[in-house]
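*Asks:* Residue-level listing of the chains:
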Amino acid sequence: MMDDSAHSPRPSDETVRLDFTLNGEPRTIEVAPNAVLLDVLREQLGLGGTKKGCDHGQCGACTVHVDGLAMNSCLRLAIMCQGQQVTTIEGLAKDGQLHPVQQSFLECDAYQCGYCTPGQMMSATALLADDRIGADDASVKEAMSGNICRCGAYKNILEAIQQARVQLGHDATTPRKEDVA
Amino acid sequence: MNDLTRPRVIGQRTPRIDGEFKLTGRAGYTGELHAEGMLYGYPVPATIAHGKLEALELDEAQAMPGVVDIFHHGNFDTLHRSPNSMGHGDQVSEVRLPFEDETIHYHGQYVALVVAKTFEQARAAAYRVVARYRQASGAVPSLLGRDDEGLPIESEGSSRGDPEAAFSGAPVKIDRTYHIAAESHLQMEMHATLAEWHDGGRRLVVHESTQGVVYQRNAMARIFDLAQEDLEVISHYIGSGFGNKLFMWPHAVATAVAARRLQRPVKVVLPRQQDMMSGGNRPASRQHIRLGAGRDGRLTSVIHDSITETSLVDRYIDSCGSATPSFYACDNLAVSQRILPVNHGTPCPMRAPGEVSGIFALETAMDELAVELKMDPVELRLRNYAESDPESGLPWSSKQLDKCLQSAAERFGWDKRNPEVGSMRDGDEIIGYGMASCTWFAGRQPCQARVELRADGSLFVGCGTQDIGTGTYTIVAQTAAELTGMPLADIEVKLGESGLPSGPLSGGSMATASTLPAVAAAVRDALDALKEVATGNGGAFEGLSADDLEVGQGGLSHGEHRVSFAEVLKTNKLASVNGQGSTAPGAEQNAYSFRSFGAHFVEVRFDPGISRVRVARVVSSMDIGRAINPPAARNQVEGGIIMGIGMGLFEQLEYDPRDARLINSNVADYILPTHADAPEIDVELLDYPDFEFNEFGARGVGEIGLTGVAPAISNALYHATGKRHRDLPITIEALLASS
Amino acid sequence: MRAFAYSRADSVDHAAHRITHDAAFVAGGTTLLDLIKLDVLKPKNVVDINALPLKRVERLDDGRLRIGALVTNTDLAHHPEVKRHYPLLSQALLAGASTQLRNMATTAGNVMQRTRCPYYRDAAAACNRREPGSGCDARGGLNRLNAVLGGSDACVAVHPSDMCVAMAAIGATLTLSSADGEREVAFGDFHRLPGDTPHIEHDLADGELITAITLEPPLAPAGSYYLKLRDRASYEFALASAAAQLSLDGEMIGEARVALGGVGTKPWRCPDAEAALVGQPAQIATFERAAEIALRDATPLEHNAFKIPLARQSIVRALREATRLARDEGKQEGQV
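Protein chains in written order, with the UniProt record's numbering: chain A, 1 to 181; chain B, 1 to 739; chain C, 1 to 336.
Don't take each hint at face value.
Derived BS3-like pairs: lysine-lysine, alpha-carbon spacing no greater than 27 Å straight-line [unchecked claim]:
| hint | chain 1 | residue 1 | chain 2 | residue 2 |
| --- | --- | --- | --- | --- |
| 1 | B | Lys117 | C | Lys42 |
| 2 | C | Lys83 | C | Lys55 |
| 3 | B | Lys117 | C | Lys83 |
| 4 | B | Lys416 | B | Lys403 |
| 5 | B | Lys416 | B | Lys723 |
| 6 | A | Lys141 | C | Lys44 |
| 7 | C | Lys44 | C | Lys331 |
| 8 | B | Lys416 | B | Lys374 |
So, partial list: chain B residues that the calculated Cβ filter (under 10 Å) puts toward chain A [said to hold, decoys possible]:
| hint | residue |
| --- | --- |
| 9 | Arg13 |
| 10 | Gly37 |
| 11 | Tyr40 |
| 12 | Met188 |
| 13 | Glu189 |
| 14 | His198 |
| 15 | Asp199 |
| 16 | Gly200 |
| 17 | Asp607 |
| 18 | Pro608 |
| 19 | Gly705 |
Covered by chain C, per the in silico footprint, the following chain B stretches (three or more residues, Cβ under 8 Å) [claimed, not checked]:
| hint | region |
| --- | --- |
| 20 | 480-491 |
| 21 | 673-685 |
Derived from the structure by calculation, the hints contain no laboratory data.
Glycine is no exception: its CB is placed at the ideal position from the N, C-alpha and C atoms.
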């Protein structure tokens with residue numbers, strides 16, 4: 001498994017092979033060793049829905065799911081996703097139908113400029129699938145705090161998440177499920 | 001159908017027509033656009049704030065993989081500066097051209113632009129550019145902490161009566177100085193440019209994240225000596241701007257030069273650090289307020305002297321006192337403005353520019369006066385209520401501030417406030433209630449629009465304005481739907497292209513009031529053309545006069561006889577009829593004063609044991625005329641409240657006092673409000689359409705929500721702690737002093 | 001962001017062989033990529049250790065809890081053993097960063113986290129930690145975020161971790177592996193004070209990696225509380241934080257552990273303050289005395305003097321809350 005040629009730095013125009021699953025489709029691409037997942041999505045794969053807002057894990061606009069978990073794609077080398085499932089905003093709607101989170105964002109006007117919005121929704125969908133995170137407003141706000149919205153649409157985003165929770169069949173008022181064994 | 005006093009679509013909750021694009025990731029913001037053969041540019045910023053660039057060592061960077069070229073002072077094109085005129089629509093944010101000379105005026109000033117085949121290569125090579133500087137002494141790091149007098153700006157002054165005499169003779173006086181730190185717009189999408197030349201370098205297409213495609217087109221035409229027809233600036237989706245994308249910055253010029261020289265499209269997306277250093281800021285301010293009042297609370301004198309920062313390369317004026325002359329009824333008033341050049345990137349308008357700072361000072365001072373008088377702060381404001389505009393002497397077109405104060409106070413529960421400092425407690429926390437009034441001027445710009453009614457049953461509206469997230473796409477479609485009775489789904493709106501009829505900047509809360517009248521005029525013009533077709537030879541209503549026809553539900557009708565627009569066109573084998581609209585402010589400007597008003601009531605909770613303050617609740621009422629799309633308008637106010645919490649408690653650009661370097665140019669160290677900081681918010685939009693202002697009755701809503709939030713927080717903190725906070729942001733260190 | 005070579009290690013041994021002065025391990029990547037992009041770290045080789053079998057959390061026979069180096073902050077915070085026996089650690093982890101970053105960041109990576117000193121993070125500034133001998137721009141600069149405890153003339157950078165503050169209070173041992181085998185280091189000895197050599201941040205040699213962290217057995221019955229004070233409500237590094245843990249003997253304090261974050265150049269255990277608590281009545285006056293003692297040697301810089309009273313406040317409040325919880329715990333034990 002260890003590639004001994006890696007002891008000396010490769011010139012940066014060389015690439016390495018990445019096999020992963022992107023929005024449900026198996027993909028094999030060549031990436032620069034220092035290419036970051038966010039830039040590969042936006043510049044190499046033409047998936048501009050994942051946004052760059054700070055490039056340092058400080059704003060959350062770049063949030064994607066890696067094996068189902070919300071992560072900052074700006075702080076992850078693309079090559080680290082070898083063998084993993086990556087889902088971006090482009091993979092959220094299925095068969096032309098908006099995901100319930102997208103639908104509730106639309107109905108609740110949970111955005112303004114729309115730039116942080118894909119990241120907000122990726123965090124929201126991961127949160128709604130994670131029973132370790134409480135369903136009450138305070139827990140949702142805390143769990144969403146890694147997604148900055150400078151337009152300040154926080155009130156409507158919270159409302160949209162709780163509305164989607166109901167649509168997804170979770171009761172917004174249920175106290176958090178303890179995962180203590 | 002033409003009567004907008006009883007609309008069916010205008011004023012109704014309308015999901016955004018661009019929503020699905022934004023929510024599925026398909027909306028193309030500038031930074032993610034691609035062009036055939038595109039190269040990537042990465043700017044190299046100066047690491048000093050004051051001095052000279054002595055040498056650039058480029059060999060190592062030039063030899064890096066993928067590097068195509070490096071642009072800098074030694075090899076840059078000779079260009080013209082933009083005339084930089086607001087009146088001629090070619091204003092820029094920084095008039096100095098990139099790489100113009102080797103003097104460094106601020107930290108982050110571009111010293112080179114590396115262009116390479118990939119983003120990674122451009123960035124890697126930019127890090128290998130070695131710049132050698134000679135640092136000069138005497139950098140001015142900030143207005144704050146200095147007592148410079150700066151340069152007077154006579155144009156921003158105002159006076160009436162004898163304010164000095166009235167102040168010295170006043171039975172009650174407030175004489176205080178307020179400071180506000182420089183802020184960053186921190187719009188989520190960084191500045192970005194994609195420049196592409198066509199026709200052998202004769203025609204330039206620029207994609208830019210901008211609040212003003214027409215302004216940038218005009219400025220670039222002058223800079224590159226191109227005819228306006230040979231230049232197009234496009235901005236379909238904008239990751240907001242808050243003012244720093246109103247006028248072009250030098251990165252766009254550098255990008256266009258690189259694209260011309262390399263004969264390839266070039267894209268530059270500013271890294272966040274550079275965006276914060278060189279892409280605009282709200283300048284710091286120092287304000288001196290003197291209020292004189294009688295024992296009855298009536299103001300006898302208001303004197304408001306302000307100084308704000310500008311850069312060494314431009315004269316930016318953040319006019320803090322511009323709302324003050326109109327705020328309260330007072331016969332004696334003086335407002336003055338000065339600026340101080342500092343070693344920062346050039347400041348620029350930031351949401352409610354000037355007024356938000358001025359209102360912090362004025363509304364905090366009013367709270368101090370209320371305390372001095374032992375008078376309820378709401379009552380003090382009502383006692384000094386300006387029934388007409390004391391500045392112009394004109395009547396207000398519509399002013400409902402008294403209703404805002406009453407309604408918000410009631411919903412907030414202001415009557416439960418015990419005015420005694422620190423008297424309201426809940427466990428570890430002291431509860432503070434505070435309030436402030438707010439205002440923003442209502443302005444209009446000239447605007448043109450074009451409409452096509454098409455035989456395929458659709459309607460197209462085009463206007464060279466932008467939707468920066470406020471919902472302009474949707475309200476334009478609502479307008480066309482209102483006037484035609486067509487469903488929103490059949491209406492196509494195109495904005496954000498300089499080739500469209502000239503539209504306004506998306507700024508100053510002016511876009512709605514400027515754009516919709518022009519759109520309405522264009523729709524009516526198209527409908528007139530359609531009626532002419534319908535009543536002419538071979539038309540669906542041949543022989544009738546246009547006045548006989550009714551418009552509704554996407555068709556024309558006469559009595560029971562109804563024909564859809566599409567059928568009217570098809571009957572005459574026409575693909576479309578077109579309409580033009582061109583509108584501008586008119587005689588009403590000399591008859592009335594136009595302003596929006598509002599009130600914020602804030603509950604803070606201060607835990608003295610751990611020096612922690614949180615804004616728990618904000619209740620606001622806004623008098624903005626009519627809201628075209630109420631949820632989107634309310635969203636603007638709610639967002640302004642969040643930004644006001646940032647301004648009040650967190651936000652400050654920090655420049656090293658030794659050398660004026662900006663040390664917190666990132667989204668972690670520049671503290672913004674998060675989800676967890678969002679309080680319970682209750683915003684009410686009063687519905688008093690301002691038909692003196694325009695037929696829609698809308699005054700705009702982008703800025704006003706931000707004004708008044710910070711003073712309401714500061715006033716609430718005084719109520720909780722008894723300590724008056726006159727400097728923003730109110731940091732934990734300042735709070736410690738009150739625990 | 002400079003170019004580097006990338007490779008994957010599939011065993012601890014391989015990883016240890018790979019690591020040299022110009023190489024860096026990547027696990028979560030949250031610190032490494034951040035600092036490579038800032039041109040602060042410039043590794044020529046990046047070795048991905050995510051395939052190593054270091055993702056288990058297990059209770060040892062002696063009552064201690066062994067945490068694999070690659071357990072993510074999220075998984076650790078929500079692990080049943082941690083929530084039940086080390087709620088202090090769970091709270092501290094959840095007080096740190098954001099959901100996304102906690103999903104990425106690992107236990108060992110958190111230990112190896114770099115300072116947030118703005119001058120360290122600015123490649124153009126003078127910083128002895130980043131570039132030995134270059135000077136310290138923080139001392140005479142904007143040092144609001146810097147340390148009041150453990151600083152030296154050469155460096156006043158804060159260790160930014162929340163997790164480590166809880167671990168310092170709980171007590172732990174790091175397992176370091178290299179080609180020569182394993183060795184153990186007490187948690188309190190791992191991070192170094194800056195002294196004259198701030199660039200040597202910890203007791204990890206070339207060719208070594210952290211493979212596990214083993215927590216001391218939990219105090220029981222005890223109450224604990226992690227309190228983080230910062231400008232905004234979430235997603236910000238601490239200006240001051242306190243991890244407090246104590247057991248009660250009636251109204252008297254039995255054992256006590258106190259550590260501070262956001263104020264020290266390393267995760268800051270406060271043994272003298274602990275000594276001042278043991279055997280004393282569990283009341284505010286006692287906590288205030290302990291807080292005074294904990295900050296006795298604090299030295300403010302121009303812009304961070306507020307951290308001293310703030311840290312005292314964090315200790316007092318955290319001890320008060322820990323006491324309240326210990327009483328609740330005691331009542332529950334009594335009922336059993």
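*Asks:* Does each hint fit the structure? Answer for all of them.
*Replies:* Each hint tested on the structure:
A threshold of 27 Å between alpha carbons decides the hint, and for B:Lys117 with C:Lys42 the separation of about 22 Å falls inside it, so the pair holds. Between the alpha carbons of C:Lys83 and C:Lys55 the distance comes to roughly 17 Å, so the proposed pair stays at or under 27 Å and holds. For the hint pairing B:Lys117 with C:Lys83, the CA-to-CA distance comes to about 50 Å; that exceeds 27 Å, so the pair is violated. Between B:Lys416 and B:Lys403 the alpha-carbon distance is near 19 Å, which keeps this suggested pair within the 27 Å criterion.
Of the pairs offered as hints, the one joining B:Lys416 and B:Lys723 holds, with about 21 Å between alpha carbons and a cut-off of 27 Å not exceeded. About 40 Å separates the Cα atoms of A:Lys141 and C:Lys44, which puts this hinted pair outside 27 Å; it is violated. Distance hint between C:Lys44 and C:Lys331 is unfulfilled; the C-alpha atoms sit about 57 Å from each other, more than 27 Å. This hinted pair checks out: B:Lys416 and B:Lys374 have alpha carbons roughly 17 Å apart, not beyond 27 Å.
Annotation: interface hint on B:Arg13 holds; nearest CB of chain A at approximately 9 Å, less than 10 Å. For B:Gly37, the suggested interface contact is broken, since its CB lies about 14 Å from the closest CB of chain A, more than 10 Å. Given hint, B:Tyr40 at the interface with chain A, holds; its Cβ is 8 Å from that chain's nearest Cβ, closer than 10 Å. This hint holds: B:Met188 has a C-beta 4 Å from the nearest C-beta of chain A, less than the 10 Å allowed.
Taken as an interface hint, B:Glu189 checks out: its beta carbon lies about 5 Å from the nearest beta carbon of chain A, inside 10 Å. Residue-level restraint check for B:His198 is violated (minimum Cβ-Cβ distance to chain A is 22 Å; threshold 10 Å). Interface hint status for B:Asp199: violated, as the beta-carbon distance to the closest one in chain A is roughly 27 Å, over 10 Å. With a least beta-carbon distance of about 28 Å to chain A, the hint placing B:Gly200 at the interface is violated under the 10 Å criterion.
Below 10 Å, beta-carbon pairs count as interface contacts, and B:Asp607 has none with chain A, the closest being about 16 Å; its hint is therefore violated. Hint status for B:Pro608: violated, given a least beta-carbon distance of 22 Å to chain A, over 10 Å. A distance limit of 10 Å between C-beta atoms decides the matter here; for B:Gly705 the minimum to chain A is near 9 Å, and the interface restraint holds. Counting residues of the region 480-491 of chain B whose C-beta lies closer than 8 Å to any C-beta of chain C gives 0; at least three are required, and the coverage claim is violated.
By the rule of at least three residues with a Cβ nearer than 8 Å to a Cβ of chain C, the coverage given for the region 673-685 of chain B holds, with 5 such residues.
When held up to the earlier numbered hints, the structure conflicts with 3, 6, 7, 10, 14, 15, 16, 17, 18 and 20 and fits the remainder.
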